[in-house]
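Trainee: Sequence:
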Amino acid sequence: MRVLVGGGTGFIGTALTQLLKARGHEVTLVSRQPGPGRITWDELATSGLPSCDAAVNLAGENILNPLRRWNEAFQKEILSSRLETTQMLAKAITEAPQPPQAWILVTGVAYYQPSLTAEYDEDSPGGDFDFFSNLVTKWEAAARLPGDSTRQVVVRSGAVLGRGGGAIRLMLLPFRLGLGGPIGSGQQFFPWIHIRDLVGILTHALEANHVQGVLNGVAPASTTTNAVFAQALGAALGRPAFLPLPSIAVQAIYGRERAIMLLEGQKVIPRRTLAAGYQYSFPELGAALKEVVA
Numbered sequence: 001m002r003v004l005v006g007g008g009t010g011f012i013g014t015a016l017t018q019l020l021k022a023r024g025h026e027v028t029l030v031s032r033q034p035g036p037g038r039i040t041w042d043e044l045a046t047s048g049l050p051s052c053d054a055a056v057n058l059a060g061e062n063i064l065n066p067l068r069r070w071n072e073a074f075q076k077e078i079l080s081s082r083l084e085t086t087q088m089l090a091k092a093i094t095e096a097p098q099p100p101q102a103w104i105l106v107t108g109v110a111y112y113q114p115s116l117t118a119e120y121d122e123d124s125p126g127g128d129f130d131f132f133s134n135l136v137t138k139w140e141a142a143a144r145l146p147g148d149s150t151r152q153v154v155v156r157s158g159a160v161l162g163r164g165g166g167a168i169r170l171m172l173l174p175f176r177l178g179l180g181g182p183i184g185s186g187q188q189f190f191p192w193i194h195i196r197d198l199v200g201i202l203t204h205a206l207e208a209n210h211v212q213g214v215l216n217g218v219a220p221a222s223t224t225t226n227a228v229f230a231q232a233l234g235a236a237l238g239r240p241a242f243l244p245l246p247s248i249a250v251q252a253i254y255g256r257e258r259a260i261m262l263l264e265g266q267k268v269i270p271r272r273t274l275a276a277g278y279q280y281s282f283p284e285l286g287a288a289l290k291e292v293v294a
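Position 129 (the sequence shown) corresponds to 129 in the UniProt record's numbering; numbering is contiguous.
Since the hints were derived computationally from the structure, they do not count as laboratory data. Hints are supplied without guarantee of correctness; some may be wrong.
As the list claims (entries may be wrong) - Have a look at the derived ranges for each label pair, beta carbon to beta carbon:
#1 Q18 <-> R144: 38 to 44 Å
#2 L145 <-> Q187: 37 to 43 Å
#3 S80 <-> A287: 25 to 31 Å
#4 D130 <-> E207: 34 to 40 Å
Note that this is a predicted model, so its numbers are computed, not measured. All C-beta atoms in this analysis are idealised placements derived from N, C-alpha and C, irrespective of residue type, glycine included.
Throw the hints in and build the complete structure from the sequences for me.
Mentor: Structure representation (structure tokens):
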């Protein structure tokens, strides 16, 4: 297949490109910078969709960048980096003389309301209670295409674990120094997925013609709490993990609204992902973390 990947130069895009090429597919990236095997967003807007069999959008500014203050300007960037790229690709697909067979968007489990008791699958309600859930609703709406000539898939991802990026990048140093531990109470659920499984789900959705609609991009180990995750990461590194990061410190670094993403969590089940026939490489947290820190 010829696959067009928006935002393909980042952590997930790089892993997805490697897997797609290993499976014999041809990949073109949509990026801000021109280069071999790439088109720019401006070229997409002016010249339309290049000939392709499938399109994926991974573009989006990093929400949990601790170097950025949580203010109105950054919130606008978060919105526009997701909505505008998604709208641009959806418009190009709609106007293409030969539209692709599949169109996949990666959003997030922030769609589901944080809870210590609720359990969410792909059919659960959500998307309407704070900045992040509203963002996912708008983002997924921006991707919707009229008609059914192109298969449409949305993957709501949990925290992505992998070497050199993702959720674990900022945690590794304190944990290696023996200064790691749970965030806040540690009781909040922590929906996670290994990078190999996230790109595996995306590739499965591209290649399997029966897959459509929403899939939860999380590992089946849905009972993982933040405290369990901290203990497992400490164990994988052979370090203690007892020093909690207080809620007040998290709020000071990230701002109150953004800190919710770390201090609260959701129990998310990948029911439709499993039913679609995807087989996980890393269903268990211990093995996933050992691979990441090896």
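Trainee: Taking the hints in turn, state whether each one holds.
Mentor: For each hint, the structure was consulted:
For the hinted restraint 38 to 44 Å between Q18 and R144, the CB-CB distance of approximately 29 Å leaves it violated. Range check, L145 to Q187: about 40 Å between beta-carbon atoms, so the 37 to 43 Å window is met. Taking 25 to 31 Å as the suggested C-beta distance range, the pair S80 and A287 does not conform, at roughly 38 Å. Between D130 and E207, the C-beta spacing of about 35 Å keeps the proposed range 34 to 40 Å intact.
Of the numbered hints given earlier, the model fails hints 1, 3; all others are met.
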